[in-house]
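Visitor: Assemble the complex: chain D is given as a structure, and chain W must be docked to it using the hints.
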Amino acid sequence: MRAEPVVVERTRAWGPPAGPTLDPLRVLEVLTGAFLVAFLIVPVGAIVADSAALIARGGLWEFPDFVGYLMRLTRNSLVVASIVTVLCVAVSLPLAVLLGRVLPAQRLLPVALTLPLLAPPFVYAFATIILFGRVGIVTQLLAPLGLRMPEIYGLPGIVVTHVLHLIPLAYLTIAAGLRTVPKAIEECAISLGSTPMQVLVRIVLPYISSYVYMASLLVFLASFGDVGAPLLVGGQYLVLPTEAFTRFTSFIADRRVPVLLSSWIVAISVVILIVVRALMRRTAIMHTFATETYGYTQPSWRVAGAAFCWLVAAVLFVPYLVIFVSSLATVWGPDLLPKGYTLRHYQALWRSVEPLRNSLVVSAAATPVAVVLAVVIGRLMRAGGRLGAALDYVTLLPFVISGVVLGIGLVRVYAPLDALSPVVPLISGPALLVVAMVSRRVCYPVRVLNAAYTRIDRSLEESSLSLGASPATTFWKITLPQLAPAVVAAFLITFIEVVKELGATLIVYRPGWVTLPVQIYAYALEGNLGRAGAVSMVLLGIVAAGTLAVGLLGRRTRREAAA
Amino acid sequence: MTRIRLDALSRAFGPVWAVRDVSLEVREGEFFSLLGPSGCGKTTTLRMVAGLERPTAGRIFFGDDDVTHTPPQHRNVGLVFQSYAVFPTMSVTDNVAYGLRIRKVPEGEVRRRVAQMLEIVGLAALGHRMPGQLSGGQLQRVALARALAIQPRVLLLDEPLSNLDAKLRVEVRAEIRRLQRELGITTLYVSHDQEEALSMSDRIGVMHAGRLDQVGAPEEIYRRPATRFVARFVGEGTLLDGVLVRDGVRARVAVGGFEVPVAEALAPRAGPVWVCIRPEGVRLLDGSAAGGTGGVVEYVEFVGPSLRADVRVPGLPRLLRLAGSSVDLAGRVRVGETVRLAVDPAGVAVGPAEASEPEPLAAGGGA
Chain D
137 MRAEPVVVER
147 TRAWGPPAGP
157 TLDPLRVLEV
167 LTGAFLVAFL
177 IVPVGAIVAD
187 SAALIARGGL
197 WEFPDFVGYL
207 MRLTRNSLVV
217 ASIVTVLCVA
227 VSLPLAVLLG
237 RVLPAQRLLP
247 VALTLPLLAP
257 PFVYAFATII
267 LFGRVGIVTQ
277 LLAPLGLRMP
287 EIYGLPGIVV
297 THVLHLIPLA
307 YLTIAAGLRT
317 VPKAIEECAI
327 SLGSTPMQVL
337 VRIVLPYISS
347 YVYMASLLVF
357 LASFGDVGAP
367 LLVGGQYLVL
377 PTEAFTRFTS
387 FIADRRVPVL
397 LSSWIVAISV
407 VILIVVRALM
417 RRTAIMHTFA
427 TETYGYTQPS
437 WRVAGAAFCW
447 LVAAVLFVPY
457 LVIFVSSLAT
467 VWGPDLLPKG
477 YTLRHYQALW
487 RSVEPLRNSL
497 VVSAAATPVA
507 VVLAVVIGRL
517 MRAGGRLGAA
527 LDYVTLLPFV
537 ISGVVLGIGL
547 VRVYAPLDAL
557 SPVVPLISGP
567 ALLVVAMVSR
577 RVCYPVRVLN
587 AAYTRIDRSL
597 EESSLSLGAS
607 PATTFWKITL
617 PQLAPAVVAA
627 FLITFIEVVK
637 ELGATLIVYR
647 PGWVTLPVQI
657 YAYALEGNLG
667 RAGAVSMVLL
677 GIVAAGTLAV
687 GLLGRRTRRE
697 AAA
Chain W
158 MTRIRLDALS
168 RAFGPVWAVR
178 DVSLEVREGE
188 FFSLLGPSGC
198 GKTTTLRMVA
208 GLERPTAGRI
218 FFGDDDVTHT
228 PPQHRNVGLV
238 FQSYAVFPTM
248 SVTDNVAYGL
258 RIRKVPEGEV
268 RRRVAQMLEI
278 VGLAALGHRM
288 PGQLSGGQLQ
298 RVALARALAI
308 QPRVLLLDEP
318 LSNLDAKLRV
328 EVRAEIRRLQ
338 RELGITTLYV
348 SHDQEEALSM
358 SDRIGVMHAG
368 RLDQVGAPEE
378 IYRRPATRFV
388 ARFVGEGTLL
398 DGVLVRDGVR
408 ARVAVGGFEV
418 PVAEALAPRA
428 GPVWVCIRPE
438 GVRLLDGSAA
448 GGTGGVVEYV
458 EFVGPSLRAD
468 VRVPGLPRLL
478 RLAGSSVDLA
488 GRVRVGETVR
498 LAVDPAGVAV
508 GPAEASEPEP
518 LAAGGGA
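Chains as they are written, first to last, in my numbering: chain D, 137 to 699; chain W, 158 to 524.
The reader is advised that the hints may include incorrect statements.
Derived EDC-like pairs: lysine to aspartate or glutamate, alpha-carbon spacing no greater than 20 Å straight-line [as the list claims (entries may be wrong)]:
hint : chain 1 : residue 1 : chain 2 : residue 2
1    : D       : K613      : D       : E165
2    : D       : K319      : W       : E266
3    : D       : K613      : D       : E598
4    : D       : K475      : D       : E490
5    : D       : K319      : W       : E316
6    : D       : K613      : D       : D159
Just so you know, the hints here were simulated from the structure itself, not pulled from any lab data.
Bound-form chain D, shown alone (with noise of 0.2 Å):
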């Protein structure tokens, strides 16, 4: 019997899809590209533009001595944000090598010690008026010991704001160098026979000096170019921001003075960026996170360190105590306690929610785009080359330079541009708000976003372009869903990072547009305490929901991850 051949029933050979004339993703790409040209190039380009156009037209000419302002100006700003990093590094170092090392087992602190970074700089600022001004409580307590406050407002006010305030900055970059360091480095280094200190100064402090100098970047960075705290407590004692906001937005509108000044801060901010950077490389360590790490079991150590730790962590958090007990005082000093309470500051907040509207509103607006182009941004890094490099340093532009600066630059290009409104609305009104605050926070979930990108497995998306699937379908399908939990995470933090953003607020916003943080500002101003704490309570309820999301999304990722 003859055997029946084997039929391979043969279908019709399906090719690949053919492509869609249009990629989604390119068109997404050339507007993210249109955004941040539009609304971060240009504007920052245009003060310098102008600013080199006057120079080259001979300045300031009728403005008496240009040049010794513009430099004491300058020293100024420079002592400020020095004295603010040293301080806070010297702080912090000790702060996260305690908790790194000798209190590993501490859970509150580490949490307690990053309370401040809730508030925005400017809370911090009428705190410390409370505390420190005039009729203000440690002023009194002082008093009677025969110790006489000096003058707060001032030099002392804007450092103390700021040292309050960037500590944790410096203490969370610090303490994520430190889990860096391998536990048998320092585990040799002891059985060569050093002393734990010996260990510390010698081998973790070289190891970790590249964090170290990104702690000091971020602290004078923020000190550098923060507005709110030098105007609330400053005095007369200038500095860069607060002058160009100021000359900004005075009633004698001569913007060449602002705009120079604003290109100043630029020229400042990327200078310092540059050199720090550059000294991050030459001291970086090719850092893989250990798994373990050592611990210092000395008792003197633990005992003085819990301590050190207990005390920052109680000062850090006296401003909230003080902006809570304003928030229910019907009048304060100058006894040392409020002559009564009251919920009027609250009730009075309710009887006028625009501000909390506006802040909701503009937040709710200004978070979604931002995530949007982090995402596109985060994809065209990934890429890598000139364009990824570049786009590193655009997005990181507004995170290095002053929120007033952006906001100049935005005005000064824009509002000539009024009438184009009807036509493009982006670029004026609450719009205007909507994208300064999308330009001046994208950098955060730029930075979120690129860290999930890192870690999606490339072999994946490979796999499915290879099955057929065009680019865009891939990243719909096989990107996105990986990325989510960042996107998620991204847009909490871009959210908490705008609803407390005042510089570039106090620059864009238009009258009807008030927004918390300028309304606290506003309180501050005019002396109103009671009121000021009042919205601030609210802010910091909105910060502290938004982080605390944030912290429990990322443990359920974690959870997730570790399943």
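Guide: Below, chain W without anything else, positioned relative to chain D:
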């Protein structure tokens, strides 16, 4: 040079005993290996000797000095880790000089000693290099030079070869052994790699679930494993459970329908036993020869100089592994073919059956 003595050393992490009642002595100038699977407590033992881990109970002596409570920086031990732990912020020279400078040795003497150490480990030309510019093998030599530069009382090596590739591992292995012999330094070596331990050590301690199962010279450990675990962990072979029977002078282990001859000198009392047939104990008989057992070759592995094969023998619950020179066995073992085998009692280890293999122990109620 110092001997190391551990006296009933124990360490508990929470409710789990990582190390339980380990007593041993590393003699002066001896190269002693702690061998065992990961999690057996060998590294914890070494860390207690270094002073990096506090014993829960027991004592540690260097010579006659009780160092149980001496902090690590005062123990004067040379420590080398798997991860090298070379200080990345210092040059090779500064790394090796580190311990000497901590000891405030005069700089001239430091330079002389460092040069000498780098010479010994073959890195004399690379003193100015930073660790980032070195290969793994070179980094491990720096770590070794750094540990030896302080002229430690004892040298402690924690899996120092595990991050190196196979070829380099054999090279550095020989080098460590040569150095150790030349300097005559008492050395405690921790490894999970039996080949490493067997080839380098004067004596080996096999650890299992926190306890020390057996201490002995490499050959003794291999030929006469004290426990079923040691038989399985050290060397390869076919491990079976059976019953020891004697008739007159000959001892045999009955496994199913199969009988394994064992050397009378090694045999325990009659009764349930485990038995381990090493590959070299299985002889391949010529097709024409009488006797032996028939079996079908199921798997052949060619590894250059030698050849390994697994043979299914009727009545045996496991495949019987044999090994031999690839020249001798060439053409004689092929998958699917029948071969005739005989077991040589010289290649068989045997021991009394244990109640059950101890699992990693949780601390008892009283501890």
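Visitor: Look at each hint and say if it fits the structure.
Guide: Hint check results:
1. Restraint check for K613 of chain D and E165 of chain D: the C-alpha separation of about 18 Å stays at or below 20 Å, so the hint holds.
2. For the suggested pair K319 of chain D and E266 of chain W, the alpha carbons sit about 30 Å apart, so the restraint of at most 20 Å is broken.
3. Using a Cα cut-off of 20 Å, the hinted pair K613 of chain D and E598 of chain D holds, with the two alpha carbons roughly 13 Å apart.
4. Between K475 of chain D and E490 of chain D, the direct Cα distance comes to roughly 30 Å. Violation of the 20 Å bound is thereby established for this hinted pair.
5. A threshold of 20 Å between alpha carbons decides the hint, and for K319 of chain D with E316 of chain W the separation of about 16 Å falls inside it, so the pair holds.
6. Between K613 of chain D and D159 of chain D the CA atoms are separated by roughly 15 Å; this keeps the pair inside 20 Å, and the hint holds.
Comparing the model with each earlier hint shows violations of hints 2, 4; every other hint is respected.
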